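Trainee: Each chain, written out:
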Amino acid sequence: MQVQLYQFNLASIGTPPQAWIVRWLWLIPAVPMVAAGIIALLKQAQKRLSSALAISSLSFSLLLSLIAFIHTLSERKLFLYFGLDPMVHNTVNFAWFHFGATRVDLGWVLDPLAAIMLVMVSFVGLLIFIYSVGYMAHDENFTRFFCFLSLFAGAMLGVVISNSLLLLFMCWEIVGLTSYLLIGFWYQKPSAAAAAKKAFITTRVGDIFFFLGIVWLFSSSGTLLFYNRGFGSIEPLSLAILSTQHAGLGLSAAGAIALLIFAGAAGKSGQLPLHVWLPDAMEGPTPVSALIHAATMVAAGVYLVARVYPLMSAGAPPGGTTVALTVVTWVGAATAVFAALIAVAQNDIKRILAYSTVSQLGYMMAGLGMGGVAVGMFHLITHAFFKALLFLGAGSVIHGCHEEQDIRRMGGLKVDMPLTFITYTIGMLALCGFPIFFSGFWSKDGILEAAQHSAAIKGPFYLLVFGALLTAFYMTRQVCYVFLGYWRGRETAHESPKIMTTPLAILAFFAMALGLIGTPAWPWFHAILEGRAATFSWHGFAEPGLGMLMLTSSLVVFLGLGLGWRLYGNKSPKPEEPDALEKSVPWLWGPLRDRLYVDEFYDVTVIAFYRWWARVADWLDRRVWGGIVALVAWIFALWAQLNRLLDVNWVDGGFDKTCEEISEGGGLLASIESGRVQNYLRILAVAVVALVVILFWSSRP
Amino acid sequence: MTTPLAGYLLVAALLFAIGLGGALVRRNAILVLIGIELMLNAANLNLIAFWRYGPHPEALTGLMFGIFSIAIAAAEAAVGLGLVIAIYRHTNTAELDKIDRMKG
Amino acid sequence: MVATLGSANSFFVNPLFSNFDQIFVLLRDWLVGFLPAGLQPAAGVLLGVIAIVCVFPGLFALTTVFERKGLGRIQNRLGPNRVGPYGLFQPIADGIKSLTKEDIVPLSANAVVHFLAPLALVVTVFMGFAVLPMGRNMVLVDMDSGLLFFFAMGAATELSVFMAGWSSRNKYSLLGAMRAVAQMISYEVVLLLSSVSVVMITGSLSLPKIVAAQNTYSGILPHWYIFTPWGLAGFLMYAIAATAETNRSPFDLPEGESELVAGYHTEYSGFKFALFFLGEYLAMFSISGLGTTLFLGGWSAPLSFLQFIPSWFWFFGKVMMSIFVFIWMRGTLPRLRQDQLMNFAWKFVLPYTLLNLLVTALWRFMGEGWQRWVVCTIILAAAYIFMGRLGMRGEHFGRRSYRYAE
Amino acid sequence: MTPIFYLLAAVTLAGGLAAVLLKHLVHSALAVTVAFAGLALLFLQLDAQFAGFAQILVYIGAVAILIVFAILLTRGSDLPKDGVFSKTWFLGLLIAAAVFAVLGWAVLASVSAIPQQNTLPSVTVHDIGNALVGRYVLPLEILALLLTAATIGAVIVAMHEKVRSR
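Which chain is which? The protein sequence lines are Y, L, P and E, in order. Once you know that position 340 of the first sequence is 340 in the working numbering, the rest is easy, because the numbers rise by one and skip nothing. Once you know that position 61 of the second sequence is 61 in the working numbering, the rest is easy, because the numbers rise by one and skip nothing. Once you know that position 230 of the third sequence is 230 in the working numbering, the rest is easy, because the numbers rise by one and skip nothing. Once you know that position 46 of the fourth sequence is 46 in the working numbering, the rest is easy, because the numbers rise by one and skip nothing.
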């Protein structure tokens, strides 16, 4: 069987024999998806079974992901040992369908990028699954929730391992669908339903551009596979062609396609013009916010950009950059500051985190734009851990405060919820980029360093530094409101159950420890993604300007923390009281609180246009088309009346007569049906004898 | 009887006739089923005899038919006897000439 | 069907070991050598049959003492200790007693069927031994489809049990027979399916080939199937089914004394009863022999340096070990209820065996390497835990309550 | 045409005849078992080892037991009052005889025309297994489906109907 499979592959695709794990990689997304299917068939009451199914399926995926990761590492070690290029893309491709001479291929890929993402998604996902068991314990739609979560995890893992832009797009859309379903999970709440719709439609805007990009890529390169032994669409052969075609506006075809794909990524990752859905998405259950809208799905956009990075950077002069990357950089940097500004003036605990997520995604995009795959991906991974931690911490706080989400009605929780407080603080310090001990510092530092080295323009660098200041400030504000001071809510808070705090602790550990694999002294993570050997040396710190930069960013963080402490520290203002910042700079507060009027802007432009267009369409429908339809209906009614007259008078009489005859004949035949089995058997046997006799008689010469 | 094949075929024919006779003359539904099983077995014997003495024994056709029909007979017996039991529950008898509710 | 007139193969360099290992085969060949060549195969088979017919009833006699003494030990009493040294001649006394007892046939019993039932049982059980390899080259007939033959013979015993129960015209007998048949059918499915996984790996239904496939060593450790995840699971299922198939405790409901007097052989006495008794023990031997062959490496030695000990010693040693476990279980476990028995068979053992089949296929499919160990073990263990929990759902044993007669 | 064949044929036919003629249903069932066993031995005589053992396993191990169970469940072991043969038994006998006459005539008339080979076909279980999952895999799957459906169907048909009080 094994041999046959291999031969089949060889004959149809030309893939060489692959390791066991590569051939079975598809199981990683398939198992949670199958689990989702099974859970969908379970009754709502079977809570334990459904959660056990979901968790065990994702554990299985995690196990396979770890095997895949180890496989990648060992392969890399082997290749490095023999002095070969360690950037191996293990692919398994197969033809989905043919039309004419064209063939659409699908496939999956195992390379360092995918392997790291696999481990991250399945690990964080698993922790959040476990957390959800506690968080959703009393929800009556528990089973449905786990069905969606499993489906999401499967689709997200599918995005990660796709080797075809088309397969990626399919999984991408399933991810979008589950996001919609989960945001609107409490669809009885009008706000949740509206938020779900908003998320779906807004990301759809980006996806249309994405799809255009896919079509363009297919028409000009003839394949949608990323890697196909030198013939994939983002391998040098195809890139050389793409980067020489001109698409107008000074762009090459590669650049234009990259920008279109980036539009899709921007929609998913909440980049600047399309970021509006992400804060609203916090209407969903908190584990969803943590899983989808902080750790994994929104990172899918970043992952997509990292995946098609060769396309983005195609045709760049040595040491220079391309139009596409510049756009990515500026959009990212602008988003980072823009969202951080808004986050300063929000009062909903999850909304602050949502804007913070948008801002951090901007960082990742900027990092990708300026520093390459490794820089952006490192921040993605560290962010996934500490942001999931923050969201789960927020969920724990909300759970403990009896579904209260307004930070002005909390306070003093460090006494009531010590575990949550400690882990949340770790997450907050990691997010702020507190020096040395927290992973956020190293990943953010990498981005800043890349921005500083980016020769052409310094704008993004200053924006990002300002963003870092704001990040430290608003996080301090939030922590002060929630955990310090005294309790301002109604009922007293309580600590969450073990099943919720355990994932928090694990995530907190990683939020601190993950920084170790990406320090300048031992850039192991970057080495893996860029195919270099990882060496440990303290000289990594001795790069020119690095020390200065680290000092600057540390100072900025301390400045932010200090500012926050000065304005909010231990003060516990009353809920009605105006915010400290509002008191000092009221002219700035208003616009920030109202999210810089982006929603309103969309309301009066895009949505107003659609309203007007809907009214026009409605009028057309009622007056013009409706009239025509009514006319046609009237004509047919007339015709039907005529037919009825014919039927009653002519046809019915003849039919009745026929029926009588048939029923009489039937009665005659029915007398054979004695109802006794042996009678039938007897007739059958006689008939057989007769037939055989006839047969032999007729065949005689 | 010149050939062994004819011998087997005649035995099968006789067994078939015995089975048919049983199915026709007995009143109990279970015995009718037994008769039918005998007929089926007679057919099996034919299949295997043809396989053994036929022109292409290496093609396994007759043997496979035989094996498949043995397996199908198991299904047939299960369903048939299940039906007999169900009928017995409804009519409180397994005598076939008392069961004629399907009379047309 | 060709008898293997085994020539002593030169597996061992030392002729002494080899001769000792093949002693029975050589003996047979020597005896047969006196006859004309045309009669030799038939005579060889006949000798084998005579050997089996003599050896196993002898073993049966030994086992009865062994069992009674063992049970006595477990129950803190002495057991038979009057006839001969340590009561070792007890079976002889029992045999004489049962031969000389009056043969009672109930008046309303169906005399012919009543007479045929024990015969049919013993004969079909004996047939099963024909395909068991009891040592290197020591198999009566090496059939291509030996395993199938074994199960076909096993299936035929059910009918004789029914014959015994029905012909006695006694409601206890009939109930016992129906219970026995239902139980044997239920567990026969499991027995077959758990053996199928071995067939899947070996690729043969021939029992000597199955043993040969296990008779290799890595280092000093043997490649018995029980040392694989699927083999262990299959063996456990096989052992459960075998216990039920032979009506042994804790599955001995068909002869539950407290409910059914003695089950289907209530109305038997004297030598016919002894035949039933014999049949039951022979069934135990044969099913243990098959389990040994399928999972425990048959006649192969447990460690490679122990190969100098003759192969038949290992076979009979393993069979006697299984018999010991049977006795041990009888002395230890309480009897199940009928519904528990059926539920256990159809809701746990059968699904798990089916899963084991899948796992076996996976094992075969994944090829060499450590991954298949991990994956198969995880699947089987997870399924065991999961199904165990599912099975225990709703089984909340309340506090035991007593109702006394007033 | 060996004596063994005649013996086996006689046993088989006697078993079948006894099954049809015996008054007592359980006796019939036991007699039909004898016929099945005889057939299995005939299969062995035809060098179809696998089919022979399958015959024993399925017919004696399962079908015979099923029949016996059905007999006991329908109280078939009590003798009926008004005879075991139906009123039209003579007609049935006539038809059966006619069928046999036609079949026998057909066999005798045509068997000499068929080329016959007497060499022993060497078919191992291995070959049968390969054929089952090779050329005959589709019938095998369909058969598996049929068996599943038949099992479920038989259980549902024979199950006690629950009283629908609600």
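Simulated from the structure, these hints should not be mistaken for lab results. Source: prediction; values computed, not measured. Do not take every clue at face value.
[As the list claims (entries may be wrong)] Anything over 10 Å on all C-beta distances counts as not near chain E; from chain L, calculated:
no., residue
1, R26
2, L63
3, D100
[Stated by the list, open to error] Derived PhoX-like pairs (lysine-lysine); straight-line CA-CA distance at most 25 Å:
no., chain 1, residue 1, chain 2, residue 2
4, P, K171, P, K209
5, Y, K198, Y, K43
6, Y, K583, Y, K571
7, E, K23, E, K87
8, Y, K189, Y, K47
9, Y, K198, Y, K77
10, Y, K571, Y, K414
11, L, K98, E, K23
12, E, K87, P, K171
13, Y, K414, Y, K574
14, Y, K583, Y, K47
15, E, K87, L, K98
16, Y, K47, P, K171
17, P, K209, Y, K43
Note that CB positions come from ideal geometry on N, CA and C, so glycine has one too.
Trainee: Hint by hint, note whether the structure agrees.
Mentor: Hint by hint, here is what the structure shows:
With a cut of 10 Å on Cβ distances, L:R26 falls inside the contact zone with chain E, its closest approach being about 6 Å. The beta carbon of L:L63 is not kept farther than 10 Å from every beta carbon of chain E, the shortest such distance being approximately 6 Å. Look at L:D100: its CB is around 12 Å from the nearest CB on chain E, clear of 10 Å, so calling it non-interface holds up. Between P:K171 and P:K209, the direct Cα distance comes to roughly 46 Å. Violation of the 25 Å bound is thereby established for this hinted pair.
Simply put, Y:K198 and Y:K43 have alpha-carbon atoms about 30 Å apart, too far for the 25 Å limit, and the pair is violated. This hinted pair checks out: Y:K583 and Y:K571 have alpha carbons roughly 14 Å apart, not beyond 25 Å. Taking the CA atoms of E:K23 and E:K87, the gap is about 15 Å. The hint holds against a cut of 25 Å. Under the criterion of a C-alpha separation no larger than 25 Å, the hint pairing Y:K189 with Y:K47 is consistent with the structure, at around 23 Å.
Taking the CA atoms of Y:K198 and Y:K77, the gap is near 47 Å; set against the 25 Å cutoff, the hint is violated. At most 25 Å may separate the alpha-carbon atoms for a hinted pair to count; Y:K571 and Y:K414 meet this at roughly 15 Å. Annotation: proposed proximity of L:K98 to E:K23 holds, straight-line Cα distance about 19 Å (limit 25 Å). Taking the CA atoms of E:K87 and P:K171, the gap is near 34 Å; set against the 25 Å cutoff, the hint is violated.
Taken as a hint, the Y:K414 and Y:K574 pair is honoured in the structure, with Cα atoms around 18 Å apart against an allowance of 25 Å. Pair hint Y:K583 plus Y:K47 does not hold up; C-alpha atoms about 50 Å apart against a cutoff of 25 Å. A threshold of 25 Å between alpha carbons decides the hint, and for E:K87 with L:K98 the separation of about 12 Å falls inside it, so the pair holds. Straight-line distance between C-alpha atoms of Y:K47 and P:K171 comes to about 48 Å, which puts the hinted pair past the 25 Å bound.
For a cut-off of 25 Å, the pair hint linking P:K209 to Y:K43 is broken: about 49 Å separates their Cα positions.
Checked against the numbered hints listed earlier, the structure breaks hints 1, 2, 4, 5, 9, 12, 14, 16, 17; every other hint is satisfied.
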